[in-house]
Amino acid sequence: MTTPNPIVPTSPASPADPANPIAGTAQIFDQGYRRYEGERTGVAGAMSSLVRATWRQALGLKRQTRNKLIPFMIIVFAFVPAVVFVGLAALLPDDFVNELPTYVEYYGFVVAAIYLFAAFVSSAILCEDRRTGMLGVYLSSPLDRRTYLAGKAIAFCTLLFIVTILPILLMLLAYSLQNAGPDGFGNWIETFAKIVLSGVAFGLVFAFPSLAVASTTDRWVVATATNAAMFPASAVVTDLLVGEGNLTPHLRLLNIPGLARELTFRIFNEPQASLWSRFDNPTWTLVLAALGWILVSGGIVWANYRRLLVRR
Amino acid sequence: MTPLLALYRVLSRNLLSRGRLTLIGMLGVLSILVAFAINRGNDGDPGLDAGVTFVWFLGLGLVVPIISLVLASSSFGDLVEDETLVYLWHRPSPRWMLAVAAWASSTTVAIPATVIPLSVAGYIASGFDLKVFGASALAITVATAAYSSLFVFLGLLVRRALIWGLMYLFIWELFVARVGNGAATLSIITYPSSILASIADVELAQADRSVLTGILVPLIVSAIAMALTTWRLDNVDVA
Amino acid sequence: MTDLSIPQSSNGIAPVTASAPPAPAAWPPADATVVAYDVSKSFKGVVAVSNVSIAITPGVTGLLGPNGAGKSTLLRMLSGQIKPSSGSVWVAGGDPRSDAEARGRIGLVPQQDGVFEGEKAIDIVSLAATLSGLDQPTERAAHALGLVEMDPGLERPVGTFSKGMRQRVKIAQALVHDPIVLMMDEPLNGLDPKQRRQMIELFHGLGDAGKTVLVSSHVLDEVERFGSLVIVIAKGRLAAQGDFRAIRGLMDNQPLRVRIQCTAGRQLGAALVASGSVMGCRVDSDSLIEVTTNDIRQLRRELAPFARHYGGRLEEVIPLDDDLESVFRYLVGDR
Amino acid sequence: MPPGAGVNVPNSETVPLVSARNVSKSYGSHVALSDVSFDIEPGITGVLGANGAGKTTILGMIIGLHKSDGGQLQVLEQDPWFAGSDVRMRLGYAPEHHTLPPTMQAADFVQHVAELHGLPKTEAITRSSDALWLVGLGEERFRPMGSMSTGQRQRVKLAQAIAHDPAIVMLDEPTDGLDPVQRDAMLDLIRDVAERFGISVILSSHLLEEVEQICDGVVIIGEGRTLASGSLDSLVNSEATGVVVEVDADDRAVAAFAAQLQARGASVTIHQRRVTIEGSDDSVFDLARDVCADEGLGIVRMSRRRLSLEDVFLESLG
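So the protein lines, in turn, are chains A, B, C and D. For the first sequence, the positions run 329 to 640 when this note's numbering is used. For the second sequence, the positions run 8 to 246 when this note's numbering is used. For the third sequence, the positions run 291 to 625 when this note's numbering is used. For the fourth sequence, the positions run -5 to 312 when this note's numbering is used.
Simulated from the structure, these hints should not be mistaken for lab results. Be a bit skeptical, because a hint or two may be false.
Facing chain A, a subset of chain D residues (Cβ under 7 angstroms, in silico) [what the hints assert, rightly or not]:
#1 I57
#2 S79
#3 Y87
#4 P89
#5 T93
#6 D102
#7 H106
#8 H111
#9 W127
#10 L128
Straight line, CA to CA, 30 angstroms or less: simulated DSSO-like cross-link-like pairs of lysine-lysine [said to hold, decoys possible]:
#11 C/K484 x C/K525
#12 D/K115 x A/K396
#13 A/K390 x C/K334
#14 A/K390 x D/K115
#15 A/K396 x C/K334
#16 C/K334 x C/K373
#17 D/K61 x C/K453
Note that the structure is a prediction, hence the values are computed from the model and not measured. The beta-carbon is built from N, C-alpha and C at its ideal position, and this holds for glycine as well.
Could you put the whole structure together from the sequences, leaning on the hints where they help?
Below, the structure written as C-alpha cells:
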C-alpha cells in the first residue's frame, strides 16, 4: 500500500516518438494521502492499540520528559531493594546470603512503591481520557464502553505486574546465579510459578480498588491523592479497630495492603513476618475477600461508566 | 440578599460536590470508629491521655489540615480551573467580600466535617470526658478556620494547590514544627494544640502557649491571609 | 462616521509616531465610552498587543482579527480582566481594573464556556444582579433571561445545558444590570441560526438605545449584520477602525472588481472603458464581463443607461471585493 | 495498488450512505426524536437544526451509541446499533470540543486513532503522517497537542478522522473557533477530502453561509422531526423568482425607486437598500434596469432572487 503509485498519463507520449527523445524517461508519482484497501483488524486490533496507548500514557512514553518523571521514579523505588540484595548476594560470602530477605519478604520493602504506582497509574489512565475528550474518540471507534474498560484494565494490570513480579524474578535470577536459588529444576519452576502467582494476586488486589476511585472523578490529582491515602488508611484503621478495639479480626479483610501481603505469604506457605497485621483467617476467606474487592470495585467502575454522559 | 451572603451561598454550593461529601463523610465515620476502638482498648481506664492524644495526633495533625486543604484550596481553585471566577470578580462588589466569602464558606463546610466527628471521637476515646469534648471542639474550630484561610489564599496563588498544600503540611506543620520551638511558633498547629493541652490539662509536644494566645494568633493569621487574598484578587489576571 | 483611520503600523512598518494616538484635540471623541490609550500587553516576553489606542462610541462595533492576533487580549484589557503592561484604559468613567463603579457599568460575556455548572440559570443571573447591588435581583434576572428568550423557570442545572443555552445565560448575566458598555467575546458561538438572528437583533436594539456594544466575532457575515463599524486587530496592532466601507475606500491600491452579466456584455464593456469609468475589462463570454474600476460610483450610475442603450438585459451585477471579507483579508495581510 | 484504484467512490447510485425511516427515540418522558426520515447521499451533507432539536441524538445513533425506539436506520447498509463496531470502523469522527490529550504528539494521536479503526501499525504510521501533511501540519506533527492553537487542533481533528480512510467522515462544527482566513482554508480542505478522495462528509454547523458554500445536500432537523432534506440546489432554488437590486442611494431615494417600480405594476419589497422585485418572467430585469436608468440611480448589486439557506431554515422551523 505504501509503494509509490505512478500516475498513468491520459495520453502517454510514445517512447519511440522521434520528436520527443526524452519522453518516457520521467514519471510523476502520486504522493501522500490515498485510499486504503487493505485488511482491517477489527475490535481485537482496536483493543491491542488501546492497551499499547494506555501503557504509553501511564509511563509518559513518547511524551516530554516531565511526563515520565513520576512513573519511572516509582518503578525505580520498586527495583532499588532488589538491586541492592542482588549486589549483596554477589559480594557477601555464601553463608550470609541465606540471611537476605526471601522472595515473599520482598513485598514488605516495596508495598509503598506498589500502591503509589497503582494510585498514580489508575488515575493517569482513566481520568485523563475523560478530561481530554479522548473517551469520546474511543467510543466513536469500534470500541464500546465494555471493551474500552476491558482494555484499560488489561493495560493497568500488566503495568502493575512490572512492579509486583519483575523485581522478585530479578532476585530469583540473581540468587540462582549465586547458587542460592531453589535446589533442582522442579523447585526452581515451582518458585518461579509462586512468584508470578503472588505478583498477580498482589497486583490485582491493589488494581481494582484504585480503578474504582479513579472512575469517580476526572481530576487525576484528586484520584491519586485519594488512592494514596486510602491504602495506608485501610491498614491503619483496621489495625486500630482490631488491635485496640478488639473488634472481630475479620475486619482485617478490609485492609488492602495487609490482605495483599497475607495472600503472598499463603502462596509461599511461609509464616507471616508482620507483627501487627496478624491474619488468622483460613485461606479461602482471604481469596474470597480478594475476589470481593475485585468484584465490588469492578462494579463501581462499571456503574460509573455506564451512566457517564460522554462529551463528544 | 446582600452581596456577601450571595457570594457565600454560591461558593459553598460549589464546594459541596458528591465526591467531597463522600470523602468528608468517610473520614468522619472512620474517626468515630477508631475512637470506639481506642475506648474499648482502654478497658475502663480513665482515658484522658488517650483521647487527647487521639484528637491531637489524628485530628489536628491529619484530618483537620487535610479537610481544610481539600475544601479551601478548591474554593478559588475550582473557579480558576473552570474559568468562572470572572463572574464574581468582575462585579462591582468589594474584593474583600469575595475573599471573606471564600474563607467563610470553606470554614463552615469544613467545621461539621471536622469539629463534630473529631470532638465526638475524642469524647469517646477519652472514656466520655466532657472536658476533652470541649477542648477538642474549640481547638479544632480554631485550627479549621486558620488552615482554611491559608489554603484559600494558596488556591488563588498557585494552580496545583492540593500538591503544594500537602507538601507544606507534611514538611512544615507535621514535621519541622514538631522538632524545634522556633519553627513551632511559626506554624499553625502549635496554637490549637496549646488550646487542647491547656484546657484538658495534658502535656503535648510543642503546645505550651496559653489559651488566649492559642486563639488570638490563628485569628491574626486568618486576618492576614484574608488581606493577602484581597490584595491578590486586586492584582490577578482573570481569564 | 467620521472617525476612521488606518494606522501605518498595520503593515508592520511602524513610523516613528506610530505609538502616539491621533491629535489630542479630536481624540478621544466627546461621546466615547471606551478609551484605550497606547496599551500594550506581553506575556512572559511574548507581545500580544502593542501600542493600541482606540476610542469606542455608542452603537454596535465589531471587533475582528485573526486568531492569535491579540483580539481577546485587547478585549480583556478593556474589560479590566487583565492589566496592560503599559498604557491605560478608561471605560465609562474610570479604570475598570481599579474602579469598581466603572466596572459595574460594564456587562461582560467572557470567551470561555465555563459557568457555574451546578446552578440554575435564574440563580446565576440573579447572583450577578445581587453582586451589582440591584434590588429585586430575581425579577431583574427573569427579565434578562426573557431578553435572551430563555425560560426563567428552568429547573435544570446549567451543567446540563447545550453550548447555545449556556451562551445565552452568559449574555443574560451581562445584561441584567443594564450596563452602559457591553463587551462580548464571541457571544454567538454555539447558537443556532435562529438564535443568532435573535441575538443580533437584540444587539442592534441595545446599540440604538445608546449602549456601547463591542462584539468580537470570527464570522464576517455576522459582523456585517451587526452594522458597519469595525475594529480590526492584526499582528497585535490596531489595523483599522471605522466603517468598513470607508476603510475599503482607503485601500486605494486595491481597485474594485465587478462581475456583470448582461446579454450585451461585450458592447457594455467597451462603452464603460470608453467612458473612462473602468480601467480594465475582461470578457469571459459574450454575456459575462469582469471590470476593474477606481470610480465605483460612476460605474454604478452608468450600468443601467448603457445597458439599455445596447438593448442588453442586465441580469447580474456582483461586486467581487467590497465586502468585509476582502477588507479583512487586506488588513491582515492575506490576499 | 493498481493505478486508478485510488478513485473508489462507493457505488451508491441505488443505496444511500445513511438512510433513516421514521426513526424515533425517547429518554423517559422526553421525546428526542419523534419521526425522522432522510437519506444522505455521497458528497458533503450538512446536518442543521436548532439547538436541542435532536441533531446530537441522530448523529449519536449513526455511530451506534443509541438504539432507536422505532423506525429503521441504515448506515452503509447496516444497522449501526447491531453492527456498531463494523459501522464505526468505516466512519471517521471529529468531535466538537477542542480539548485533545495535551501531552500526546499529533502524529501518535492520529496513528492511534487509525489503529483503533483497524489499520495495522505500519499502515497507521505512514497514513498518520500522510493525513497530517494533507491538513497542513506536516512540519508540526511531532509537537505535543497541548501546545497547539485552535486552528491547528481543528486540523488534527480532521486528520485523525480521515487517517484510516473512512467511507464517511462526520465533522462536528469543524470551523468553530477559526478566523475567516482559517475557515476558508478548512472548508477547502473538507472539499478536497470529499472530491479528491471520495470520502463522504457529514458535517454539522450553525453557520448556514458555510453550509451553503460547501455542502451538496442538507438535512434540517427540528423538534425531533425532519423539517427538510435533499440537495442544496433543490432546497434553495425552489419557488424563487424575481430580481434583487441594491441601489446606491439614501433611504428616501430607495423609497422613490420602489414607488416608481410599483407604479409600473411590479410587486416590491424593501429591506434596507435592497429592493426585491417579484415576477415570474425575466421582464422584471428590464423593468429594474429601466427604472434605474430613468431615476439616474447607481446599481450596487443585482442578482436573480434566490432563497438563502437561512430563509429555508427559518421557514422550515416555522
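Now the hints, each set against the structure:
Because the beta carbon of D/I57 sits about 5 angstroms from the nearest beta carbon in chain A, less than 7 angstroms, this interface hint is met. At about 4 angstroms, the closest approach between the beta carbon of D/S79 and any beta carbon in chain A falls short of 7 angstroms, and the interface hint on this residue holds. Given the 7 angstroms rule on beta carbons, the hint for D/Y87 holds: about 4 angstroms separates it from the nearest Cβ of chain A. This hint holds: D/P89 has a C-beta 5 angstroms from the nearest C-beta of chain A, less than the 7 angstroms allowed.
Among the interface hints, the one on D/T93 holds; its C-beta lies about 5 angstroms from the nearest C-beta in chain A, closer than the 7 angstroms criterion. Because the closest C-beta pair between D/D102 and chain A is about 5 angstroms apart, less than 7 angstroms, the hint holds. Because the closest C-beta pair between D/H106 and chain A is about 5 angstroms apart, less than 7 angstroms, the hint holds. At its closest, the beta carbon of D/H111 sits 6 angstroms from a beta carbon of chain A; the interface hint therefore holds under the 7 angstroms criterion.
Here the hint on D/W127 is kept, as its CB sits about 6 angstroms from the closest CB of chain A, short of 7 angstroms. Proximity of D/L128 to chain A holds as hinted, the smallest CB-CB distance being about 4 angstroms (cut-off 7 angstroms). Restraint check for C/K484 and C/K525: the C-alpha separation of about 33 angstroms exceeds 30 angstroms, so the hint is violated. For the suggested pair D/K115 and A/K396, the alpha carbons sit about 24 angstroms apart, so the restraint of at most 30 angstroms is met.
Among the hinted pairs, A/K390 with C/K334 is consistent with the structure: their alpha-carbon atoms are about 28 angstroms apart, no more than 30 angstroms. Between the alpha carbons of A/K390 and D/K115 the distance comes to roughly 16 angstroms, so the proposed pair stays at or under 30 angstroms and holds. Distance restraint check for A/K396 and C/K334: the Cα-Cα separation of roughly 26 angstroms lies within the 30 angstroms cut-off, and the hinted pair is therefore satisfied. Distance check on the hinted pair: C/K334 and C/K373 sit about 14 angstroms apart at the alpha-carbon level, within 30 angstroms; holds.
The hinted pair formed by D/K61 and C/K453 meets the criterion: a straight-line CA distance of about 24 angstroms does not exceed 30 angstroms.
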